[in-house]
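The listed protein sequences correspond, in order, to chains A and B.
Each residue of the first sequence is one higher than the one before, starting from 1 at the first, in full-length UniProt numbering.
Each residue of the second sequence is one higher than the one before, starting from 1 at the first, in full-length UniProt numbering.
Note that these hints are calculated values from the structure, not bench results.
Predicted model only: the values in this text are computed from it and were never measured.
You may find that some hints are simply not true.
What the hints assert, rightly or not - 27 Å max Cα-Cα, derived DSS-like pairs, lysine-lysine: (1) A/114 - B/42; (2) A/101 - B/222; (3) A/121 - B/9; (4) A/114 - B/114; (5) A/222 - B/222; (6) B/114 - A/42.
There are 2 protein chains.
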Amino acid sequence: MKVGYLGPKATFTELAVKRVFPELEFEPYRTIPECIDAVVEKQVELAVVPVENALEGSVNITLDYLTHEVEIPIIGEITIPIRQHLMVHPSNKEDWQNVSKVYSHSHAIAQCHKFLHTQFKGIPFESVSSTAAAAQMVMDQPEMKTAAIANELAANEYGLTIVQRDIHDFDYNHTRFLILSGQKVDFLSVSSRGYKTTLMITLPSNHPGALHQVLSAFAWRKLNMSKIESRPMKTGIGNYFFIIDLEMELDDVLIPGTIAELEALGCGVKLLGSYPSFIVDLN
Amino acid sequence: MKVGYLGPKATFTELAVKRVFPELEFEPYRTIPECIDAVVEKQVELAVVPVENALEGSVNITLDYLTHEVEIPIIGEITIPIRQHLMVHPSNKEDWQNVSKVYSHSHAIAQCHKFLHTQFKGIPFESVSSTAAAAQMVMDQPEMKTAAIANELAANEYGLTIVQRDIHDFDYNHTRFLILSGQKVDFLSVSSRGYKTTLMITLPSNHPGALHQVLSAFAWRKLNMSKIESRPMKTGIGNYFFIIDLEMELDDVLIPGTIAELEALGCGVKLLGSYPSFIVDLN
Numbered sequence: 001m002k003v004g005y006l007g008p009k010a011t012f013t014e015l016a017v018k019r020v021f022p023e024l025e026f027e028p029y030r031t032i033p034e035c036i037d038a039v040v041e042k043q044v045e046l047a048v049v050p051v052e053n054a055l056e057g058s059v060n061i062t063l064d065y066l067t068h069e070v071e072i073p074i075i076g077e078i079t080i081p082i083r084q085h086l087m088v089h090p091s092n093k094e095d096w097q098n099v100s101k102v103y104s105h106s107h108a109i110a111q112c113h114k115f116l117h118t119q120f121k122g123i124p125f126e127s128v129s130s131t132a133a134a135a136q137m138v139m140d141q142p143e144m145k146t147a148a149i150a151n152e153l154a155a156n157e158y159g160l161t162i163v164q165r166d167i168h169d170f171d172y173n174h175t176r177f178l179i180l181s182g183q184k185v186d187f188l189s190v191s192s193r194g195y196k197t198t199l200m201i202t203l204p205s206n207h208p209g210a211l212h213q214v215l216s217a218f219a220w221r222k223l224n225m226s227k228i229e230s231r232p233m234k235t236g237i238g239n240y241f242f243i244i245d246l247e248m249e250l251d252d253v254l255i256p257g258t259i260a261e262l263e264a265l266g267c268g269v270k271l272l273g274s275y276p277s278f279i280v281d282l283n
Numbered sequence: 001m002k003v004g005y006l007g008p009k010a011t012f013t014e015l016a017v018k019r020v021f022p023e024l025e026f027e028p029y030r031t032i033p034e035c036i037d038a039v040v041e042k043q044v045e046l047a048v049v050p051v052e053n054a055l056e057g058s059v060n061i062t063l064d065y066l067t068h069e070v071e072i073p074i075i076g077e078i079t080i081p082i083r084q085h086l087m088v089h090p091s092n093k094e095d096w097q098n099v100s101k102v103y104s105h106s107h108a109i110a111q112c113h114k115f116l117h118t119q120f121k122g123i124p125f126e127s128v129s130s131t132a133a134a135a136q137m138v139m140d141q142p143e144m145k146t147a148a149i150a151n152e153l154a155a156n157e158y159g160l161t162i163v164q165r166d167i168h169d170f171d172y173n174h175t176r177f178l179i180l181s182g183q184k185v186d187f188l189s190v191s192s193r194g195y196k197t198t199l200m201i202t203l204p205s206n207h208p209g210a211l212h213q214v215l216s217a218f219a220w221r222k223l224n225m226s227k228i229e230s231r232p233m234k235t236g237i238g239n240y241f242f243i244i245d246l247e248m249e250l251d252d253v254l255i256p257g258t259i260a261e262l263e264a265l266g267c268g269v270k271l272l273g274s275y276p277s278f279i280v281d282l283n
């Protein structure tokens, strides 16, 4: 079985898929739509794409593609804590505080704002296309005494030495991925921390209180939401749809009953998936 | 008066600030936290940062920084439609269909998935750190016959010729920016399409229906929401806060009454700003 993921290699997405599917084959794709198309067209059996707080790839593209373009169910979710490390070429490891420049992805640089602002004040940094690309640049130019901000996998992949661990500002930041597949998959190798069910809901008209009415259908059944997000429809400003994550597996009564009621009220409801949720800790 | 914005030059953010503040001075910043810090520390009077669908900069960093790190009000919002064009070096404009490679930011490449998949099938593309950097690369290597996907400003700034307009997949995609400032600013030069008020709300405890109760306070007053988004608190998984945009200016009765009720129920409510909203059309 083959897993497609958003590349390049040594990114957080690769970290996630290697932990959850250690025994499978992997194929990196260059964009989220290409990766999702690959599973729709059966070039791969599984696709793993970012859906929250991703460094690589726009989360909105994932949601928009899943809701507007393709019919492929979500069969799992992976959450990994974001941990950024400072790394240098092994020959510069004693002298790392005197690096001349720091390379990373622009979001990773922003995530390490306090560290760079206090401990590396005045040292220039440069955004490159991914944290893995930053690691490669540092490996390729040892004489320049540069550093990269990247994850553990990038340090291993490119042979860099981590000189300062966990330099990100917020400890509880995480990145979230969806596993997409047209077939049933057994996740025996990882332990789940629970189930989620994701629905896409469009409102009958943009009137005050319509969303409140929708949420009533969940609330009186005590269906807990772990996420709600409004996104503009691709049909113009002013029309919205909502992505709602419920903290339970699809059952025979409560969720189908809610969907039926919402449809009777004129809402559009699309079940994007009901799936186990995994947390992968990197240490 | 000086406006700080998220660089580099010739990005959508620069497009936005130049349209709304044509007569002011500009200063690009390298990250969103640096740009917000600049207005807090009064190096600039205004800061413009992306908050939705941005190519450059993580929207989550903007929301997290505004809600957790600083106290600076939102004083305006700018929405611009996303329009991506294919551009080449002027010397290659007759032969643009035979380019050897396409450069752009990874999100822009994903936004033009259908165009690349159908009209440029098989031609390799490469992600670089911004659409402006892509335009610069194409300008610097005319003999390589490369193309960039970028906006109109980048074509002008780097002297490229647009050979195919509006190659993005979705016509109604837009990107949204917030204007932050500690002082009152007059937006006489642009016409507003209305007002918004943005609130950050934390729930008393993560129990089913708490959000529904919060929304009830808005719904019975017929306060229309244009956006709702849940975000994890930086204190660990399982705690959420909500960002709610109301489609009205802060009044003396309805919004203050809602806030007082929510606080009485044990919610935390922070008013992030009440501000005019502008749409900038690029043609």
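Regarding the pair residue 114 of chain A and residue 114 of chain B, is the alpha-carbon distance no greater than 27 Å?
Not satisfied, since the Cα-Cα distance of roughly 40 Å exceeds 27 Å.
Does the alpha-carbon distance linking residue 101 of chain A and residue 222 of chain B stay inside the 27 Å limit?
Distance of about 53 Å is beyond 27 Å: violated.
Mind checking the alpha carbons of residue 121 of chain A and residue 9 of chain B for me, to see if they're no more than 27 Å apart?
Holds, because 23 Å separates the two Cα atoms, which is no more than 27 Å.
Would the pair residue 114 of chain B and residue 42 of chain A pass a check requiring their Cα atoms to be no farther apart than 27 Å?
The hint holds at about 19 Å.
Hinted pair, alpha-carbon criterion (27 Å max): residue 114 of chain A, residue 42 of chain B. Please report holds or violated.
Given that 27 Å is the threshold and the Cα spacing comes to 19 Å, the pair holds.
Taking 27 Å as the top limit, are the C-alpha atoms of residue 222 of chain A and residue 222 of chain B close enough?
Roughly 24 Å between the alpha carbons, so the hint for residue 222 of chain A and residue 222 of chain B holds.
Consistency note: the structure conflicts with the earlier hints numbered 2, 4.
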